[in-house]
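Chemist: Here is what each chain is made of, one letter per residue.
Protein chains: 2
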Amino acid sequence: MTDMRSRLADIVGAANVRDGADAAEDYARDEGLTSVATRPAFVVAPGDAGETAEILKAAAETGTPVTARGSGTGLSGAAVPRADAILVSFERMNRVLEIDTENHVAVVQPGVTLRELEEKTAEHGLVYPVYPGELSGSLGGNVATNAGGMRAVRYGVTRHHVLGVEAVLATGEVIRCGGKYVKASTGYDLTQLIVGSEGTLALVTEATLKLQPRLAHQATVLAPFGDLTAVVRAVPKVVASGIGPLILEYIDAMTMGAITYTHDLQLGIPDQVRDTSQAYLVVMLENRDAERLDDDVAATGELLTALGAVDAYVLPGPSARRLIEAREQAFYTAKGAGADDVIDTVLPRAALPEFMARVQGIAQASETFVVGCGHAGDGNVHLAVFQKDADKRAKALRELFAASMELGGAISGEHGIGHAKKAYFLDLEDPAKIALMKRIKQAFDPTGVLNPGVLFD
Amino acid sequence: MTDMRSRLADIVGAANVRDGADAAEDYARDEGLTSVATRPAFVVAPGDAGETAEILKAAAETGTPVTARGSGTGLSGAAVPRADAILVSFERMNRVLEIDTENHVAVVQPGVTLRELEEKTAEHGLVYPVYPGELSGSLGGNVATNAGGMRAVRYGVTRHHVLGVEAVLATGEVIRCGGKYVKASTGYDLTQLIVGSEGTLALVTEATLKLQPRLAHQATVLAPFGDLTAVVRAVPKVVASGIGPLILEYIDAMTMGAITYTHDLQLGIPDQVRDTSQAYLVVMLENRDAERLDDDVAATGELLTALGAVDAYVLPGPSARRLIEAREQAFYTAKGAGADDVIDTVLPRAALPEFMARVQGIAQASETFVVGCGHAGDGNVHLAVFQKDADKRAKALRELFAASMELGGAISGEHGIGHAKKAYFLDLEDPAKIALMKRIKQAFDPTGVLNPGVLFD
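If you're matching them up, the sequences are chains A and B in order. Basically my numbering = 1-based index in the first sequence + 10. Basically my numbering = 1-based index in the second sequence + 10.
Derived by calculation from the structure, the hints in this document are not laboratory data. Warning: the hint list may mix true and false statements.
As the list claims (entries may be wrong) - Which chain B residues face chain A? A few, computed with CB under 10 Å, are given here: (1) S195; (2) M264; (3) D354; (4) A360; (5) A361; (6) G418; (7) K431.
To be verified - Derived pair list, reagent style BS3-like, types lysine-lysine, alpha-carbon separation capped at 27 Å: (8) B:K345 - A:K443; (9) A:K67 - B:K432; (10) B:K345 - B:K432; (11) B:K443 - A:K67.
Beta carbons are placed, not taken as given, at the ideal position from N, Cα and C, and that holds for glycine.
One chain only, chain A, in its complex shape:
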């Protein structure tokens, strides 16, 4: 191990290698509720792709596991290292290399945070519209998990905005895939394969991201509904209307109560309405033209009332911002309330009413308390699961995932599989697909050093 330490120091400089035992506790974990904090053998901070490639060569030669880390805000444990691993921290590779205003593209290093990219794009009237909620998250981590968030109903998720990557293979080769164009038919799309692969195929050292024009005007409509089923039934109709919402979220009454209490939010909803509402729909609209936005807000209010909303409130700017911020932090609210796990299964949006009915049944039968909110426009349901008994909880989770898959869904919409959901993934997914994914993994990483234990055993 002394040999490895000096070899790593030769690559990145002594100041940029630490023994895991000496590194900050933060390197041992992510934000997942079930992640087991583990200090790696070494924490290494490369300065560029060339250094990253040398680290991977050293790892492959010695069979040493490598885990990549951005900001550590993941929820599935994919950035949590093994005890014998080299943790590659991209903290030094944190520059926005370019905001290209003609091609509407940003070129970033993996350690750049969403907050920094938001600030840099705003200066140019552009926006990177993927908004997973945690602004301290890194772009490298977002690429690794194919992060989503509230604006996916309008703009899609990380995958739809990564036009190209520079990536280091476990062979030590550095490749560049894609570029500043939105389409190509020139061999296999390696970029799309690397996005969402949770650090198991390659380490991304640069990403070329598609930007959008930043529209000037936004408005938020909040609609309480008598019951959750009515909310989720309304969702496909709002999408079909062509109004094109930026955000289309459902929040159940329990979660709304918790986040408004935690964040001391006053939304101006009469007590009587609040007491009889089981769930809320939040619709955010945007437009480059203020008048068009006003018309759309009016049309949305009428539509929601026609779809069974008790009422529809246009939230003033500051309240709307605080509600969205509070919703973004719902995970932390659930964590603070003692949630034992969170899931983010995705399914056809029209299957949400049936799924939510099944969730209630599974929760009751397993004596598990389940509350949530979700990106209703994309059928992505975020549930906080309260059940101390690990066996009962695992059984309930397996049933929830199986129900989602039976209705045409998948285990995770945006958090990823990592370690946290691996057992369910390997248990419920088609073995032929698992075997194929393992062969693909082998094609990228013949020595198996990239994030072993993530996705596969």
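Since the structure of chain A is provided, determine the placement of chain B on it from the hints.
Modeler: For chain B alone, kept in the frame of chain A given last:
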């Protein structure tokens, strides 16, 4: 071979197997200008995924090449079989299985044509917005080549609309990837890997496609410019305006002359303007609201004039439709005029002026005549190349592709590599990426029976 024929007949029924020698000439070719027509050993038409799997098992056991065929409208030869191959024609698997109006999804078999899908979606006020121009093209072929077309600037290309596939591997396994949801982070994205793989990784037997609301109102603005550089310089500005055009095409004067002549088009452009214009920009807009569309048309006209257009004409509906149709058929116009090859390189849209300048230089130096048009909004340039001498032509093409790649582009935006552009692909692309793609190919197709000779030697 008699054994194989009877084995295939056992799988699909005798009526659905033909010897290549007895099959129609059409099975031997696609529409590519350089494709070499080749009759396969057998033409087989499976009725479902199970039969397709049995065909692939028989092929893998005997090492017999398999090429998939939709409508044969490809331009790069990926559907042209080898003489010893089984050609799998999806002509019997031609049903639209579902138009799901709540999830905005179509589920189709690979033999469905774009025309049929257009008709079926129109009945429900929805649209599959990928529009590669040739409506007789099959969805299976579109998925295999990641087909693009004129509306990509607004809606993206095939890749962005394929939410899931059922696919048969060369192992005979049938897998289902993705589904009726727009995002997931549940293992590697096999769907996106299979899209654009030109029949070399798997045979797609069903595709789940994202649909959009069909907007009611469309308008087309035609703007002549004094020179081509001014046109391509205007493109990023139109995109940045936020007007969100559905179509943003450039057509050079030579190509415009040819397509208006061939299609007997009267666009109402004064002779004097036409005679001094070197190129045209076609901007199509759409909106769900007629008044908003009118405002956008006016704003577009002002913008184009400010960007140097000689004038901006709003085309009446029938003229606009005929111009777009004629533009779609530009390939056939070039073919009719005796073009020796076509290319469809893609590059950052802001690099178009520099690229077009280099094209002129390459054309002059190689005594090659090059004209074109293109999806300017996505930086996808379609050039017809007139040069009878094969060596001179190959040299010119290599220089054109090298120039595009040097400016950050890729060889093909939407036609694919197939056989037609393989030599350039293998010559110009990073060997590390080629080697990785070959390992991925091996992971899917260990016996190498799927479309050998396409993409790789």
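Chemist: When the hints from earlier in the document are held up against this structure, which numbers fail?
Modeler: Numbers 2, 8 and 9 - these are the hints that the structure violates, sorted from lowest upward.
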